[in-house]
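Asker: Chain by chain, the residues:
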Amino acid sequence: MTTWIVMLAVGLGSYALRLSMLALLGRTGVPAWLASVLPWVAPAVIGALVASMVLTPGGSPVTAVPPELIAVAAGFAAVRWTGNVVHAFTAGMPVMWILTAIGM
Amino acid sequence: MVPLAIGVVPYALVIGVTAAESDVDLIGAWAGSFLILAGAAQLATIELLDAGAAPVIAVLTGLVINARLVMYSAGLAPWFREEAPARRALLAAFVIDQTYLVSTDRFPRGDLGPRERRAFFLGGALLLASIWVVSQTVAVLVGTGLPESLSLEVAAPLALVGLLAKSVTSRPAVMAASAGAVVAVAAVAMPFHSALLVAAFAGVVAATVAARRSA
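Taken in sequence, the protein lines are chains A and B. Numbered by this note's numbering, the letters in the first sequence go through residues 15 to 118 in order. Numbered by this note's numbering, the letters in the second sequence go through residues 430 to 644 in order.
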């Protein structure tokens, strides 16, 4: 039930964000301070999300380099190189499989 | 729009499998596919709930991740100026990364009237949304049946790092991501799983400072 409520709340809140400027018809536009901050929200949150998933699994920091870190680094490099987000998987997953196969 | 719509399939599969492997209510997590209609926010809320975070923190984090939608809403508003309020309320439901990017790339050519713009936007949105929900449904159904050796849990950070690689195109953006990452790890012990929110804030502050310096 909690999951439903959380999903619904994020959904409704996101709808309000989506509707915000469309409803105002861009009359007022995005306030200047908000416009200057919004471009940095996505990289900040995604950087934080990736780091927490890879470096603090289960809620405490890792003590050795996890294979996930190397796989994620490979995925990042592949996307930078090709410009295609799908290559995060085509590079990252095989690296992960190899590292776990050799017992890392 | 078609290649972009197909591009969401792996991401949708990752979210579905993550939901299936987590301890959260599976149907509720799956409902996020159409209730939230945005991958990173849905994935983060599932991960946070699975980690035992307070629901309020999960909601706030999801909304912070989706703050960019305000930017998209503003970018699309001029193109739907002629639409009645009820129509705009409908169009707003489909403001997504892909529909925004494709529409604001296509509309400035100026050869589409208001009706064609609406059809272009809604057509692409419905295609995208149906592929998204169907892919997640498939993943939720087969998710727990997949072997451990596939290491599918790494697919979630991989999906995000792909987006990250595309978004860190400037010095402030690099600062935002680095500061966010460092603070997320350093603040992991903070109460209520609030590390992500604190890290997001730190990242935005770091980027703002970097942008001021270079300006």
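Do not rely on the hints blindly, as some may be mistaken.
Unchecked claim - Covered stretches of chain B (in silico footprint by chain A; criterion: 3 or more residues with CB under 8 angstroms from a CB of chain A, positions within the stretch not fixed):
hint	region
1	461-468
2	531-544
Stated by the list, open to error - Here are some chain B residues the structure puts well away from chain A; computed CB gaps all over 12 angstroms:
hint	residue
3	Thr474
4	Gly552
5	Leu556
6	Thr566
7	Thr573
8	Gly574
9	Val603
10	Ala636
Derived from the structure by calculation, the hints contain no laboratory data. Ideal placement from N, C-alpha and C gives every residue a C-beta, glycine not left out.
Asker: Is the nearest CB of chain A more than 12 angstroms from the CB of Thr474 of chain B?
Answerer: 6 angstroms, violated
Asker: Count the residues of the region 461-468 of chain B with a beta-carbon closer than 8 angstroms to any beta-carbon of chain A: does the count reach three?
Answerer: holds (count 5)
Asker: For Gly552 of chain B, is the shortest CB-to-CB distance to chain A above 12 angstroms, so the non-interface label stands?
Answerer: 18 angstroms, holds
Asker: Does the claim that Leu556 of chain B lies outside the interface with chain A hold up, using a Cβ gap greater than 12 angstroms?
Answerer: Holds: least Cβ distance 18 angstroms, greater than 12 angstroms.
Asker: Find the nearest Cβ of chain A to the Cβ of Ala636 of chain B and say whether that gap is larger than 12 angstroms.
Answerer: 4 angstroms, violated
Asker: Taking a Cβ-Cβ distance under 8 angstroms as contact, does the region 531-544 of chain B have three or more residues in contact with chain A?
Answerer: violated (count 0)
Asker: When you look at the beta carbon of Thr573 of chain B, is every beta carbon of chain A farther off than 12 angstroms?
Answerer: 16 angstroms, holds
Asker: Does Val603 of chain B sit more than 12 angstroms from chain A, CB to CB?
Answerer: 8 angstroms, violated
Asker: Decide, holds or violated, for the assertion that all CB atoms of chain A are farther than 12 angstroms from the CB of Gly574 of chain B.
Answerer: Holds, because the least Cβ-Cβ distance between Gly574 of chain B and chain A comes to about 18 angstroms, which exceeds 12 angstroms.
Asker: Non-interface claim for Thr566 of chain B: all C-beta distances to chain A beyond 12 angstroms?
Answerer: Given that every Cβ of chain A is farther than 12 angstroms from that of Thr566 of chain B, nearest at about 15 angstroms, it holds.
Violated hints for the displayed structure, listed by number in ascending order: 2, 3, 9, 10.
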